[in-house]
Every structure is written in C-alpha cells, then in structure tokens.
Amino acid sequence: MSPLLEVRDLQTHFFTRDGVVRAVDGVSFHLSPGETLGIVGESGCGKSVTALSILRLIAPETGRIVGGSIRFGGRELTTLSNEEMRELRGHKIAMIFQEPMTSLNPVLNIGTQIAESVVRHLRLPWRAARDRAREMLELVRIADPKQRLAEYPHQLSGGMRQRVMIAIALCCNPQVLIADEPTTALDVTIQAQILDLMLDLKEKLGTAIILITHDLGIVAETCERVFVMYAGRMVEEAPAASLFAQPRHPYTRGLLRALPRDEAGSDPTGARPRLTEIPGIVPALTQPIPGCAFVPRCAFAVERCRASPPVLTETAPAHLVSCWETARVAEAVA
Amino acid sequence: MALTASTADDTLPPVGSLVARIATFVRRNPTILIGAALLVALIAMTLAAPWLAGDPFRQAPINRLRPPSERFWFGTDQFGRDVFSRTVYGARVSLIVGLAVSGLASLIGLAIGLSCGYFKRIDGVIMRVMDGIMAIPSILLAIALITLTRPGLGIVVAAIVIPEVPRIVRVVRSVVLSIRAQPYVESAIAGGTRTGKLLARHILPNTLAPLIVQATYVCASAMLIEAGLSFLGAGVPPEIPSWGNIIAQGRTFFQIAPWTIFIPGAFLAVTVLAVNMVGDGLRDRLDPRLARRM
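Listed in order, the protein sequences are those of chains A and B.
Quick note: the first sequence uses numbering that gives the first Met the number 0, first residue 0, plus one each step.
Quick note: the second sequence uses numbering that gives the first Met the number 0, first residue 0, plus one each step.
Since the hints were made in silico from the structure, they are not lab data.
Hints may be right or wrong, so weigh each one.
[Claimed, not checked] Capping the alpha-carbon separation at 25 Å, the derived lysine to any residue pairs in SDA-like fashion look like this:
| no. | chain 1 | residue 1 | chain 2 | residue 2 |
| --- | --- | --- | --- | --- |
| 1 | A | K91 | A | L138 |
| 2 | A | K91 | B | L198 |
| 3 | B | K119 | A | T61 |
| 4 | A | K203 | A | S1 |
| 5 | A | K203 | A | T221 |
| 6 | A | K203 | A | E5 |
| 7 | B | K119 | A | F13 |
| 8 | A | K203 | A | A239 |
| 9 | B | K119 | A | I57 |
| 10 | B | K196 | A | T221 |
[Claimed, not checked] Okay, the calculated bits of chain B under chain A, using three or more residues with CB under 8 Å as the criterion:
| no. | segment |
| --- | --- |
| 11 | 189-195 |
| 12 | 199-212 |
Bear in mind that the values here come from a model prediction, so they are computed numbers and not experimental data.
Glycine included, every Cβ here is placed at the ideal spot set by N, Cα and C.
If we strip away everything but chain A, and leave its shape as in the complex, we get (with noise of 0.2 Å):
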C-alpha cells in the first residue's frame, strides 16, 4: 500500500540567541492509511516538534523547517501556501494536544467549538454541523450529548474535555490524527478509556493515528509500529512486537530496561530488583554533533561512533536501527 504521510529526512531548526538548536535532525518516516505509529523518547528529544512540523505550526519567529520533505496524499507540504495549509489542518490531518483542560476555548459553549470546524472544513449550514456534533459526541461516548453541547468547558471534566478534543479532531473525517501526549494529563483509568476510545475510532473511520508519548506500556499496547528518537534524530524504527522482544539500539535497550517489570515478583523476598537507568543527559542540541548523539551515554561506544553518524538500516525484516554496533548489543542482550 502506498503511504498517504511520507516524511523524509526532515529537519527543524529553531533559532535561539545561544545558537541554532536542531530540534528535528533527518527524521524520515512513512504512515500508511489506518496504521497506529508511535513516536517515542524523553522530553526535548523532538517528538512533538516533527508533530507541529508535519502541520507546519512551528511559530515562524522563532524556527522553521530547513529541510527535508513531507509528503502527504501526493502532495509537497513543505511548499504549500498558508492558506491551502490551514485547508488542511483540521479537516484531512487533525491534532489533539496533551492538555485538555487549556486546549477548549472558556468563553464558548462545547456545541459551538465542534460545529465551528464542520462548518469550516465541510462547509455545512450551523445547523447541520450543531447535528453534526451532537453526533461526534456519542461518537465519543459522551452521556446525554444534547444537553453537554450547550454546556462550557469549565462544566466538563478532563477525561470529558479530551473526549471533546477528540470529536471536534475526528468531526471532518481527517485522514490522519495526530495525538501528542493524549493521555499524560489523565488519570490512569482515564488513560484507559481514551486510549480505547481513539483505537475504536479508528477501526470505525479508518483514521491512521501518529501517537506522541513518552509511555512505552501505551506504546505496546496500542501502535503497531514504533519509531524511537533521540536528541532529534531516530534511532530505531521497528513494528511494535518486534521492538519490544529484540530492542536493537543501546538507548531503546536503555529505555525498557527502566521499566519496572512483573517478574520482580517472583523473588521469594519480594524485593525488587533497582531499576536500571541511562547514565548522563542529553547532549546539548546547539552544537553539532559529528558521530552519534547516544555516544557519550552509550556503554557500546567505539570510536566510529563519534566520528560518523550512523546510517539507518534493516537489520531485520521493517526493524531499523541507526547504529554502528548492532552486533555487539545484539550479542549483549543474548
């Protein structure tokens, strides 16, 4: 199948007064109709930038896009003009934003702010879209629909706001959606619910969903292929399955080994076992970096490494791997 989202190489450079931070280095992925992919890695590794970059909402002031190109249903998004852009957002690639409880509108009624995008991108008449919405809210399972439209954020709850995120994000059928952090400001059962509710969705309309997150248990449960990035580049791009068996860059390795796990329990003494962590920080991003950004962190690092950066390649059947030392990890994990 041909991919309707083809990111190539993409690069997004912000800026700053203390240099250029390269927040997106080369990141090249494809999404093809109806796939869940999620985008992994810490804070500032540059998951929700690639995100914002793909809708072109990087504030002009302060970054931009410097390279690279972004395919999407045959068309350049890069050379777009603003208006054929703002076409676009919302109606065939929409976005959920991690903070329900800001991302509503306070002065307007739930009603309004769902009908406002039908009447925008499908350009129905008010009353229609007013139906339209009531729709997209039992769509989202919301109780009592009729009487929530007329109702303000403020009346709602966060699990009820994202649900309304949701609905005005689904309301025009968009071809993908993009969710950063959808759930991080949720409780955990809540958590659940929406993540539920955004795969139904899918399987119901066909929306193919890029899911930002930092979690790697909604990863597992939810993506069927995942990219890992860090320091604004990928690292590993793999199927889900296959990333959490085999995990074939340090950092990923890094990453699951920091997950609390269940076997701990089958010590008789209950203890559990410390929790391993990645020792060091992230580079700085203003400075170039010549060989691999994970070097100084990585316990696999020979001196390839910080001389060229690794090449992205298929060491196993759609598993990719940015790393010049696959072997020994690969031996380390057996």
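Model the placement of chain B on the given structure of chain A, informed by the hints.
Below, chain B alone, put in the same frame as chain A:
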C-alpha cells in the same frame, strides 16, 4: 385566601425567583448597584432637564448671588442665573464627554491592541508610538487643538481620547498576548481556523471583560479632565453650561457665594464616584476567579 395563595404559588414562581435572584444580585454586588442607581438618576435628570429645570441662560441682575432658597434651590451666580438649572444642563456635557471618550477610546484601543498583540511584526513599532502618545498631557493637547480650530465639544473629546487610547491598547494587548499562548488558541490554529475568525471568536471575547472595566475608568477620568479643561478655559466654550465652566465662572465670587462652586463640584465628584463604583463592581464581577454563579 388560601386558594388565591396557592394559585399564586403555582403561577408566580418564575417572578418570585426573579425577585429573589435580583435580591441576591443586589446583596452580592452592592457597589455596582449603588453606582448604577446614581448614574441612572443622573441620566434621568439630564433627559428630563427641559421639564425639571428653568432656562440656564436667563440672566436676572436683580437676583445676583442669591444663596440657596425655595425659589433658587442651588442659589444664583453673579449674573443672576439659576445654578440649579445650569448644573442640571451641565450634566449633559459631562455624560456626553464621558460616554463619547470611553466609547471612542475603547473602539480605537481595541483595534490597535488586538493587532499589536496578535501580529508580532507591528507590535514593537506601534507600542513605542503609544508610549509617545501617552506622554502628551491632554491639557496641552487640548490647548493646541483649540488654537488650531475653534473650541467645541468635539475638540474636547478628541483631546481626551488621544492620550487615553494607549491605556486601552496596553490592557487589550496584554490580554491578547496571554490568550494567544493558550493551548486552545494553538488548538484552533491546528484546526485550520482563519486569522480573522481566530481573533473574533477566540481572542476578542476574552478581552471584553478587562476592556469594559478599563472603559469605565476612562469614562470617569474623561469627565474629570473635561471639567479641568473647561475650568482652565481650554474646554467647551464658556457659554455652554458645563460643570467645569460653572465652577470657573463662580471662582471669582466663591468667598461670598460658595454654592456656585460647591454644588457643581459635588455633582462632579458624585458622578465620577458612581462611574468608578460601577467599574470596581464590574471588575470584581467579571474576573472569572472572583465570579460566582448568581
């Protein structure tokens, strides 16, 4: 009796609840209410001036500098004109100036403030211009404008509006800057909302509450400045009875006829107080952190 009471109970609850709601509103917002009541009384007085008061221009040298009496409630001035009639008509000028200045300054300030807060490119330049305008004293501006044209109400309004605009601009701009950074604005941009719609629907409504509050303060200060300008002879032409003019003309005789100064002065003070009370009440009421359900 019991029957009528029960029917009343069946049919009247909306009215009863309305009365109760008004009572609750009054209890919770005494300042707005007192201020508004004073203003309504003042406006009623202004509208009813032709029936309420005599001719404010009629001179009667025989009745010069009469103290307040049954015939001349507020006494007479040095030309024998009735101070009560003049004060009642003088309210017109104050109200017109207050409303015109706050209305015009709000509209202009809102437009400039919205564009400054939203379009960062023009922000720096326009705000420096605003700082410059803010430094112009309205009295000097009024004198300059009057020397260029003829004195009149329009000139007074313009002379007060120009230095007041930057105050509104600052308030609106600061609100726009903070609202712009709100996730729901980002979210609306991500949803493909056009700039005009974004401003009108998502940003403008949030600026209205602070704008209304600021407008009442501008209104009060405009009334004071107008009186000051008229007192100095740089305001409305001396033949028009405005509170500032009445005070200015009574100044020479105020030791023997203090009512010519104190009475319009008291009206001015109470009017400005009433406007400020409404402003303070609205500020408390419209602040979402302080607002409670009525």
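**Item:** Pair hint outcome, B:K119 versus A:T61 [Cα-Cα no greater than 25 Å]
**Value:** Holds, because 12 Å separates the two Cα atoms, which is no more than 25 Å.
**Message:** Holds or violated: A:K203 and A:A239, Cα atoms, limit 25 Å.
**Reply:** holds (22 Å)
**Prompt:** Are 3 or more residues of the segment 199-212 of chain B near chain A, judged by a Cβ distance of less than 8 Å?
**Reply:** holds (count 4)
**Message:** Just to be careful, I want the Cα atoms of B:K119 and A:I57 compared with a cutoff of 25 Å; is the pair within it?
**Reply:** holds (15 Å)
**25 Å limit on alpha-carbon distance, applied to hinted pair A:K91 and A:L138** = Holds: A:K91 and A:L138 sit about 19 Å apart, inside 25 Å.
**Item:** 25 Å Cα cutoff - pair A:K203, A:S1
**Value:** Distance of about 21 Å is within 25 Å: holds.
**Asked** Between B:K196 and A:T221, is the straight-line Cα distance small enough, at 25 Å or below?
**Response** Outside the cut-off at roughly 36 Å; violated.
**Asked** Holds or violated: are the alpha carbons of B:K119 and A:F13 at most 25 Å from each other?
**Response** Cα-Cα ~17 Å, so holds.
**Message:** Hinted pair, alpha-carbon criterion (25 Å max): A:K203, A:T221. Please report holds or violated.
**Reply:** holds (15 Å)
**Item:** Given hint A:E5 paired with A:K203 - CA-CA distance at most 25 Å
**Value:** Between A:K203 and A:E5 the Cα gap is close to 23 Å, so the pair holds against 25 Å.
**Prompt:** Is A:K91 close enough to B:L198, meaning Cα to Cα at most 25 Å?
**Reply:** Holds - the C-alpha atoms of B:L198 and A:K91 are around 23 Å apart, at most 25 Å.
**Prompt:** Taking 8 Å as the C-beta cutoff, is the stated coverage of the segment 189-195 of chain B by chain A satisfied by three or more residues?
**Reply:** holds (count 5)
Violated hint: 10 only; the structure is consistent with all others.
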